[in-house]
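Engineer: Same order as they appear, the protein sequences are chains A and B.
The numbering of the first sequence is the numbering used here, which starts it at 11 and goes up by one.
The numbering of the second sequence is the numbering used here, which starts it at 11 and goes up by one.
Don't read these hints as lab results, they were simulated from the structure.
Mixed in with the good hints there might be a few duds.
Which copy is meant is left open, so a pair is good if it fits within one copy or across any two.
What the hints assert, rightly or not - Listed next, the in silico DSSO-like pairs over lysine-lysine satisfying Cα-Cα at most 30 Å (straight line):
hint: 1; residue 1: 179; residue 2: 66
hint: 2; residue 1: 56; residue 2: 306
hint: 3; residue 1: 309; residue 2: 79
hint: 4; residue 1: 301; residue 2: 179
2 protein chains.
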Amino acid sequence: MKRLKLLALFLFSALALQVSAQQKKYVMVIHGGAGTILKKNMSPEKEAAYIAALTKALNAGYAEIKAGKSSLDAVEATIHVLENDPHFNAGKGAVFTHDGRNELDAAIMDGKTLMAGSVAGVTTIKNPISAARAVMEKSEHVIMVGAGADQFAKEVGLKIVDPKYFWTKERWDGLKQAIKEDSTKAVLDHGSKKSELFGIKNHDYKFGTVGCVALDQAGNLAAGTSTGGMTNKKYGRVGDAPIIGAGTYCNNETAGISCTGWGEFYIRNVVAKTISDLMEYKGLSVAEASKIALDKVGKMGGDGGLIALDKKGNMTMPFNTEGMYRGAITADGKIEVSIYK
Amino acid sequence: MKRLKLLALFLFSALALQVSAQQKKYVMVIHGGAGTILKKNMSPEKEAAYIAALTKALNAGYAEIKAGKSSLDAVEATIHVLENDPHFNAGKGAVFTHDGRNELDAAIMDGKTLMAGSVAGVTTIKNPISAARAVMEKSEHVIMVGAGADQFAKEVGLKIVDPKYFWTKERWDGLKQAIKEDSTKAVLDHGSKKSELFGIKNHDYKFGTVGCVALDQAGNLAAGTSTGGMTNKKYGRVGDAPIIGAGTYCNNETAGISCTGWGEFYIRNVVAKTISDLMEYKGLSVAEASKIALDKVGKMGGDGGLIALDKKGNMTMPFNTEGMYRGAITADGKIEVSIYK
Chain A
11 MKRLKLLALF LFSALALQVS AQQKKYVMVI HGGAGTILKK NMSPEKEAAY
61 IAALTKALNA GYAEIKAGKS SLDAVEATIH VLENDPHFNA GKGAVFTHDG
111 RNELDAAIMD GKTLMAGSVA GVTTIKNPIS AARAVMEKSE HVIMVGAGAD
161 QFAKEVGLKI VDPKYFWTKE RWDGLKQAIK EDSTKAVLDH GSKKSELFGI
211 KNHDYKFGTV GCVALDQAGN LAAGTSTGGM TNKKYGRVGD APIIGAGTYC
261 NNETAGISCT GWGEFYIRNV VAKTISDLME YKGLSVAEAS KIALDKVGKM
311 GGDGGLIALD KKGNMTMPFN TEGMYRGAIT ADGKIEVSIY K
Chain B
11 MKRLKLLALF LFSALALQVS AQQKKYVMVI HGGAGTILKK NMSPEKEAAY
61 IAALTKALNA GYAEIKAGKS SLDAVEATIH VLENDPHFNA GKGAVFTHDG
111 RNELDAAIMD GKTLMAGSVA GVTTIKNPIS AARAVMEKSE HVIMVGAGAD
161 QFAKEVGLKI VDPKYFWTKE RWDGLKQAIK EDSTKAVLDH GSKKSELFGI
211 KNHDYKFGTV GCVALDQAGN LAAGTSTGGM TNKKYGRVGD APIIGAGTYC
261 NNETAGISCT GWGEFYIRNV VAKTISDLME YKGLSVAEAS KIALDKVGKM
311 GGDGGLIALD KKGNMTMPFN TEGMYRGAIT ADGKIEVSIY K
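For reference, chain A alone in the conformation it holds in the complex (with noise of 0.2 Å):
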């Protein structure tokens, strides 16, 4: 009898962690950026409206999946809204160069083809990512950068706008204070090469990105990122959003993953591939090799966050800063939304 109970209890145990297994799978998850976000420094209404940008953004890619739309498609609407909402450092709220301009960065790649494309450096693009979608489907190449990624944006037909129209107020105070601050700092600073020739000094102006990787009813994986750099760059900068292996990378045998942070670190360290590669060579778990190329990052100096979901539904969304405006949704459509540590 007591056997009887025993087998009935550990039945009982399966049967419950397989539909929390179930409960658990995870068909979108997003990010952002990461940076120092901390609640005391957060009004209500900011922390609310991005709380509500990146539910809508869940939503809209949520609503391809349901419609049995692709995962690519997922990507390309989710972060859609995230480009469109100036809260975010993507598309129409992408920071200021020093130059005064706004240069933005995308990359897509779909995880079954393992095809892939990017654009780096374009200002006159509404949406980066479909700009990077159209370099993967419409043309030969993975990489296009500066006013000829735009032109073939023009050419196929995406929307185009008016740079001024990436103008905010927030962002060009912001770029004025990066100024001033870079200033100061390169007076006291006077005997260093390097910072003489940046002197990018607030820590938080290298952040602001926004992700999405998505796993739709077929099973197909899809990662995607955009972003709007870093405010006051200089010469031309890119970051890791749009180099396909750091900031972006994408294959249903392991995961997609798309990165926020200090892109010098993830390109040096070719983040997304290392946890593609931990999976595929190591047999880790998406958290498990997630976690370790974060740590190569945070050890070298680096700071930032990831967002990673295989093709079971597993997720995973480290991150080794103050915070990171980040969310999920599972396939029967519970949204999960977080900022902070």
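Here the structure of chain A is known, so what remains is to put chain B in place on it, guided by the hints.
Structural biologist: Okay, now just chain B, sitting in the frame of chain A:
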């Protein structure tokens, strides 16, 4: 007695193997591009010129290593020779874009620190590999593109040239031929959106890169790659050469790698980092890991080659094209140069 003989034979064999391994400690390996390179299409003069150039390049880097300089110095010196030689599609010998411009890309990475630098789409820098190194050493960034990268190179004192410096008759004729072939092709193929936009059908237009991996006396690896890109390319296309993890990667714990070939496939497969990860996470040799990574490119329909050198001086130079300009030099100065299969 028989057992003693066997033991002696065994010891002798082990010693011989060790000597052989010592003799085969490579300190540098280079490539000058892969593609449809057939002996029947090569004049003796041209063949001799390529062999002389590869030998000169190897000697230039070897002199740095013998003098106790860093592997970065060796890579830079070697690639200068190849960039300054019009035979190779890098620097002086760069091919033309569709608009009749020369847009150059380069990357360098330090295996000791995992620092990296790269430039893409530059038009006035005589030696793009030096610009990549300056980005690595004199900026906070890893990647700079376009006019901003040219400006940075000028500000840090690199040799700036009029874009006309890169004009060569052979490459100009190559562009005219490519445009002619592509327009013919476009007529035949007019139903396809892709070929309308691109029409780059001559396969070998995709090729041409130079690269170097060096191992210095302190045991540090460095890798670099430089290219003039793809003949008749449009829309600011960037290939794998300046992408850390794709065409260029270096890590003292694994290997230094430089790739050449159909860049899009190298980007999608993140080839260089894949080789490093196969060594780190699966314990494969540099040759085994390189073969697997190149096979992935081949299975997808891409082609090209790569060079890789590990910290013990083991090197590999696989390619799946008809030929690859390549060479290596051992610690004791023995040079090996090859072109065909």
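Engineer: Which numbered hints does this structure break?
Structural biologist: Numbers 2, 4 - these are the hints that the structure violates, sorted from lowest upward.
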